[in-house]
Amino acid sequence: MSQLYEYYNEGDDGDSALGGDIWTAQTFTPTTEHKITSVKLKLYRLGSPGTIIVSIKATDGNGHPTGNDLCSGTTNGDTLPTDSPYEWREITLGDGYLLSADTKYAIVVRALNGDVSNYIKWRFDTSSPTYTEGNYETSDDGGVSWSDSASRFLYDLMFEDWGEVIPTTKTVSMDTLLRAIDTKAISLDTYLRETDAKTVTLDAILKAIDIETVSLDTLIKALGLSKTVALDAILGVSAFVTVDLDALIVARDLESISVDALLKGLATKTISLDAYIKAINLVESVNLDMLIADVGLTKTVALDAILKGIEEQTVDLDAILKGIATTSVSLDAIIGGLFATISLDTILFKALPPNRIYTIEIRNGDGDLLAILENAHGISYEQIINSPHALTFNLPAVDSKVSNILLANEYWLRDNQTDTVIRKFKLQHKMDSRP
Amino acid sequence: MITTEVETLDLISQLGKETVVEYEAEDATVSTIVNALLALQVQTPAITVGTIDGAYSALTRSIRVDGDTILRALYRLRDTVGGYIYVDNNRALQWTSSLGEDKGQQIRYRKNLKGIEREIDYTKLFNRIYAYGAGEGTARIKLSDAEGQTEDYVEDEGSQTEWGGIYPGVFTERSITHPDTLLA
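Residue numbers (the working numbering), protein chains in the order written: chain A, 1 to 435; chain B, 1001 to 1184.
Keep in mind that a hint or two might mislead.
[Unchecked claim] Computed spacing ranges between beta-carbons, pair by pair:
| hint | chain 1 | residue 1 | chain 2 | residue 2 | range |
| --- | --- | --- | --- | --- | --- |
| 1 | A | GLY365 | B | ALA1039 | 16 to 24 Å |
| 2 | B | ARG1072 | A | SER400 | 31 to 39 Å |
| 3 | A | ASN386 | B | THR1032 | 18 to 26 Å |
| 4 | A | ALA408 | B | ASN1089 | 14 to 22 Å |
| 5 | A | SER400 | B | ASN1089 | 23 to 31 Å |
| 6 | A | GLU374 | B | ASP1180 | 52 to 60 Å |
[To be verified] Examples of chain B residues lying across from chain A (beta carbon under 10 Å, computed):
| hint | residue |
| --- | --- |
| 7 | LEU1009 |
| 8 | LEU1015 |
| 9 | GLY1016 |
| 10 | TYR1023 |
| 11 | VAL1049 |
| 12 | GLY1083 |
| 13 | ASP1088 |
It is worth saying that the hints were derived from the structure and are not from the lab. Using N, Cα and C, we set each Cβ at its ideal position, and we do this for glycine too.
Could you put together the complete structure from these sequences and hints?
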């Protein structure tokens, strides 16, 4: 809906002729930002001036029109009246142009086919012009230069600037929109299509809609725009058991996804481990404990799958063994999959007879486990106040681990019931004897 | 069947294989003395100073150690102060006023060995020997006084490699009055 903005449309008492190289313009300054779509000019003609071109131009520092047309339109000058009462002719300016407030522009009119016998007359006020935000401008060289004569400030041409309000829809807050809608019947698809804002919060969407009917695919597709969305928010609100993890994973290309959140939300045993592992590869902080404890895959999970899927070095073998009924684990599989990152410690501990209370470990100076003396017997640990505590034990001399009993190593006495090291020892004496 | 019998002592025993060539402190706090003694260690990883109970740390004592072990020096110091000394599993020396949770823990068995086939006593293993002759304090005859000798000790690097560490010992023979004789 057009509305009138700038204008000077009363008090005309003369006219300015234009045609050929003689161009005429009226400058004006909008007080509000708007989109100019057309102008109305009070005109008449002499002879047949032909097509009239009307354009909007910017102005230079002297207030003269300058540069290319910002927008323009034409009208047939030959259809104008030839005398009073003249005509307020409307010229549509194509797609229009957004005019800034408090900036001076020019309405430039030319009739290129005009001559001394065929020209346009644009009515103006020569006696008491009152439009203070612009003035009359004229050029006799086809707009190359514009007159600097002081007389230009003595006239104002008859014009009206018609236009539209600039849309301000982008400033609408999504929250406001949702509050206003207050309906559960709204289609999320519609909502998402309408919304091009990347700052919309998921909370706002979820709060506004009946979440049970939301297609997760739709939600994910929409949320792909935003990397700040909290997965917790999706999973926390949605009680989906049929959630397609692949879809979830594909939709999320960010690296900060919390596996905790994933597992907490997916309280399902139908999760595809492959999918899970594929997702975990994105994450460096994955904890295998979580995989086993939360997903509850335990006995049916293929160890190969876990090992193949997890390429990180921090995998905790304890977690694997705890999660998987330990006795059925193939050590080859563990070692083969985990390469050098496996803790020998853990393997050896798992291999110990379950009824042994105390064990003696041999470790090097860095604390690395070298051997566990499963065949140690006659273990004696004696505490003497303010003297070194003594640990003695026997081993079959043929035990291959005897070779690890060296002065440089340490001997740790461990309580298997509490899994604590009671005391660490240094070698003092070694003796082979026959009973 | 031949059995290998192994005897070990807890980590504090490491200080029993650290020799204090010469150390003297007069009216120094227990804390100062302990820190100074542990700073003399040559084995790695070394025993560090843990917590010394406030009842003892600020007490002052005078002590002279001359060719004895750090461990024995510590026990001597403890005898004048009180409390309990041990090295925890983090290799830190603790000096407490009570025994704590370890008290009474004992695992024992009886030995019934008849014939010894082979025996190694690691407490008698030394691969760095400090040798001293006649005299006291800085006036003592020592190896560095001998011709071509820069250190106060001689050592067996091959043994140090074989046994995985430096195990110092002190040899004193006060009848020797010439450093070259000491070296010989």
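query: Between GLY365(A) and ALA1039(B), is the Cβ distance one that fits in 16 to 24 Å?
result: holds, 20 Å
message: Interface hint check: VAL1049(B), Cβ to nearest Cβ on chain A, cutoff 10 Å. Holds or violated?
response: Given a least distance of 18 Å, the restraint on VAL1049(B) is violated.
query: Regarding SER400(A) and ASN1089(B), is the given constraint of 23 to 31 Å on their beta-carbon distance met?
result: holds, 27 Å
- prompt: Minimum Cβ distance from GLY1083(B) to chain A below 10 Å?
  reply: Given a least distance of 9 Å, the restraint on GLY1083(B) holds.
field: C-beta pair ARG1072(B), SER400(A): status relative to the range 31 to 39 Å that was hinted
entry: At 37 Å between Cβs, range holds.
query: At a threshold of 10 Å, is the proposed contact between GLY1016(B) and chain A supported by beta-carbon distances?
result: At 7 Å from the nearest chain A Cβ, GLY1016(B) passes the 10 Å test, so the hint holds.
query: That 14 to 22 Å hint for ALA408(A) and ASN1089(B) (C-beta), does it hold up?
result: holds, 18 Å
- prompt: For the hint on ASP1088(B), does the least C-beta distance to chain A fall short of 10 Å?
  reply: holds, 9 Å
message: Does the beta carbon distance between ASN386(A) and THR1032(B) stay inside 18 to 26 Å, or does it fall outside?
response: Given a distance of about 21 Å, which is inside 18 to 26 Å, the answer is holds.
query: Taking 10 Å as the limit, does the beta-carbon of LEU1009(B) come near enough to a beta-carbon in chain A?
result: holds, 4 Å
Cβ separation of GLU374(A) and ASP1180(B), checked against the hinted range 52 to 60 Å: holds, 55 Å
query: With 10 Å as the cut and Cβ atoms as the points, is TYR1023(B) at the interface with chain A?
result: Since chain A brings no Cβ nearer than about 21 Å to TYR1023(B), farther than 10 Å, the hint is violated.
Hint compliance for this structure: hints 10, 11 are broken, all remaining hints hold.
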